[in-house]
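If you're matching them up, the sequences are chains A and B in order.
Heads up: the first sequence begins at 0 in numbering that gives the first Met the number 0, then just goes up one per residue.
Heads up: the second sequence begins at 0 in numbering that gives the first Met the number 0, then just goes up one per residue.
These are calculated hints, taken from the structure and not from any lab test.
Using N, Cα and C, we set each Cβ at its ideal position, and we do this for glycine too.
Misleading hints may appear alongside valid ones.
Derived Cβ-Cβ restraints for the label pairs, each shown as a range [said to hold, decoys possible]:
id, chain 1, residue 1, chain 2, residue 2, range
1, A, GLU128, B, PHE39, 30 to 36 Å
2, A, LYS2, B, LEU77, 55 to 61 Å
3, A, HIS131, B, HIS213, 32 to 38 Å
4, B, GLN141, A, GLU171, 51 to 57 Å
5, A, LEU152, B, GLN214, 57 to 63 Å
6, A, LYS2, B, GLN268, 52 to 58 Å
Under 10 Å between C-beta atoms, here's a sample of chain A residues computed to sit facing chain B [to be verified]:
id, residue
7, GLU16
8, VAL20
9, TYR53
10, VAL54
11, ILE57
12, LEU78
13, THR127
Derived list of chain B stretches under chain A, where covered just means 3 residues or more per stretch with a C-beta under 8 Å from a C-beta of chain A [said to hold, decoys possible]:
id, segment
14, 125 to 136
15, 251 to 261
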Amino acid sequence: MRKYVLPALLLFLFILESMSVDFFGLHSFNEDWIIVPRYMLIVIALCAIYTSPYVGLICAMLFGFLYDVVYTEILGVYLFAFGISVYIVSSILRFVNTNYLISFLMVLVSISITEHLVFGIHSLIGTTELTHSEFLSIRMVPTLVFNAVIALLLLFPIKLFMERLAIEQKDELT
Amino acid sequence: MPQFFLNKRLIILLVSLIFLVALIGFSLKERDDLTWPEQFVKDSTGFVQSIFYRPAHVVAGFFDNVGYLKDTYEENKLLRARLEEYALLETKVQKLEQENEEFREVIGELDSLSDYEPKPATVIGRNPDQWVEQITVNKGKQNGVEKDMAVITSGGLIGKIKQANAFTSTVQLLSSLDPKNRISAYIQGEEDIFGLIEGYDEEKGALLLKRIPHQAEVKEGETVLSSGLGGVFPEGLMIGEVTEVVADEYGLTQMAYVKPAADFYDINQVMIVKRTLISGDEPVESEEEASEDEEGGSE
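Next up, chain A with everything else stripped away, as it sits in the complex:
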């Protein structure tokens, strides 16, 4: 049963991202900052950490592509960015053991990789004129801080949920 909850949760977060930019005053913290909510990526990264990298990667690419189609209309950007960042995170995790601190750091790593990749692609195709230092100060740092707070809130419940999901998957296989 829980395996249907994950896509539904991700879809809800997908819509919540656009709602929180529009309604809940993310823009009014500070006029100059651009805060990008990345709830979906947080959950996908945690999914890759606690269930399996494979599930995480599939989710990342699927929802990355959905993000491209629905929100940006530039196909492939998030498909690639989410995929790469989840892949890097799961390959780092092969060398370290997971605990709360590590998984929290991994979430931040995946967010910063995604932001950088997307920034890189947008500066290549010329839809932004920001320099890298401007990008860091007005977009990257506020986004990271905001998402770090969200990640701290989500970490424990999502971990519980993911571990139960992993156990259920194992049960189904055996």
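Using the hints, position chain B against chain A.
Then chain B, alone, in the frame of chain A:
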């Protein structure tokens, strides 16, 4: 490490890079319509979005109302003072409108560039990554929305329809950086000064009104309206207010920073504007061509 280069993963990475470049190239191409799978996905997510957005609008509206309640007394006082002026203004406007109509009849020209039909629509989504400033509204081709129509709020012009799907459509906001996003505009003053809105300054949060003749005297605080000469937007849509005037890159023309009148955040209800006066064929391109010709010398 040499093993790495024989690795299957490297090949996958390279193939996916090529795939990525192809996809981006495909989607950046001028497209009249999205492909049908995209339209289908956008319409179906639009349906889910509108389910979630309706309660969110209610909640956000409630908090707004509580906010308003706080300074009701002050506002009421101000409004009462304004109301008397308003009555006076209304009679004046009526008189002017009547006069205007009479004059038009005398000339025999009944259509004007400023006539338009508004279609109300509700916002059901916004691009959260804010690289491309885009919102989704719940009216599409089925409701007669077409590409390139202007979109306004009560504040003023906010953007134009980028893509129309069957039941939803995408609005590109003025604040997004797109070289194709040009609007013919004029500054309302003793003498109307024409220019083109081209681009957006992210740091200042201001639109750039370029190609103002260099002898023109532009004062700060003057209003900028759409001129209707571009052939797509009707005349007289409020765009913003001039905050600063500087010389252009080459010093041949001037450029003004325009503070947009509409709030690009917290948009609930929008109007999609259809110009009633039928314009000539391919007006958008002709406008672009004209401006490119002007540019020709400097490049």
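Closest C-beta approach of GLU16 (chain A) to chain B relative to 10 Å, hint status: It holds, given that the least Cβ distance between GLU16 (chain A) and chain B is near 4 Å, below 10 Å.
Restraint outcome when ILE57 (chain A) is required to lie within 10 Å of chain B by C-beta distance: violated, 14 Å
Satisfaction of the hinted span 32 to 38 Å by the C-beta atoms belonging to HIS131 (chain A) and HIS213 (chain B): Taking Cβ atoms as reference, HIS131 (chain A) and HIS213 (chain B) lie about 35 Å apart, which means the hint holds.
C-beta pair GLN141 (chain B), GLU171 (chain A): status relative to the range 51 to 57 Å that was hinted: violated, 43 Å
Status of the THR127 (chain A) interface restraint (C-beta, 10 Å, chain B): The hint holds - THR127 (chain A) has a Cβ within 10 Å of chain B, the shortest such distance being about 6 Å.
8 Å C-beta test of the segment 125 to 136 of chain B against chain A, three or more residues: Three-residue rule met by the segment 125 to 136 of chain B, so holds; n is 10.
Restraint satisfaction for LEU78 (chain A) [CB to CB of chain B, less than 10 Å]: Holds - the Cβ of LEU78 (chain A) comes within 10 Å of chain B, reaching about 8 Å at its closest.
Range hint compliance [Cβ, LEU152 (chain A) to GLN214 (chain B), 57 to 63 Å]: holds, 59 Å
Verdict for LYS2 (chain A), LEU77 (chain B) (Cβ pair) under range 55 to 61 Å: With Cβ atoms ~58 Å apart, the hint holds.
Residue hint TYR53 (chain A), partner chain B, criterion CB-CB below 10 Å: Since the shortest Cβ distance to chain B is 14 Å, the answer is violated.
Consistency of beta-carbon spacing, PHE39 (chain B) to GLU128 (chain A), with hint 30 to 36 Å: Holds: the Cβ-Cβ distance is about 34 Å, inside 30 to 36 Å.
Closest C-beta approach of VAL20 (chain A) to chain B relative to 10 Å, hint status: Nearest chain B Cβ about 5 Å off; hint holds.
The structure does not agree with the numbered hints 4, 6, 9, 10, 11, 15 stated previously, though it agrees with the rest.
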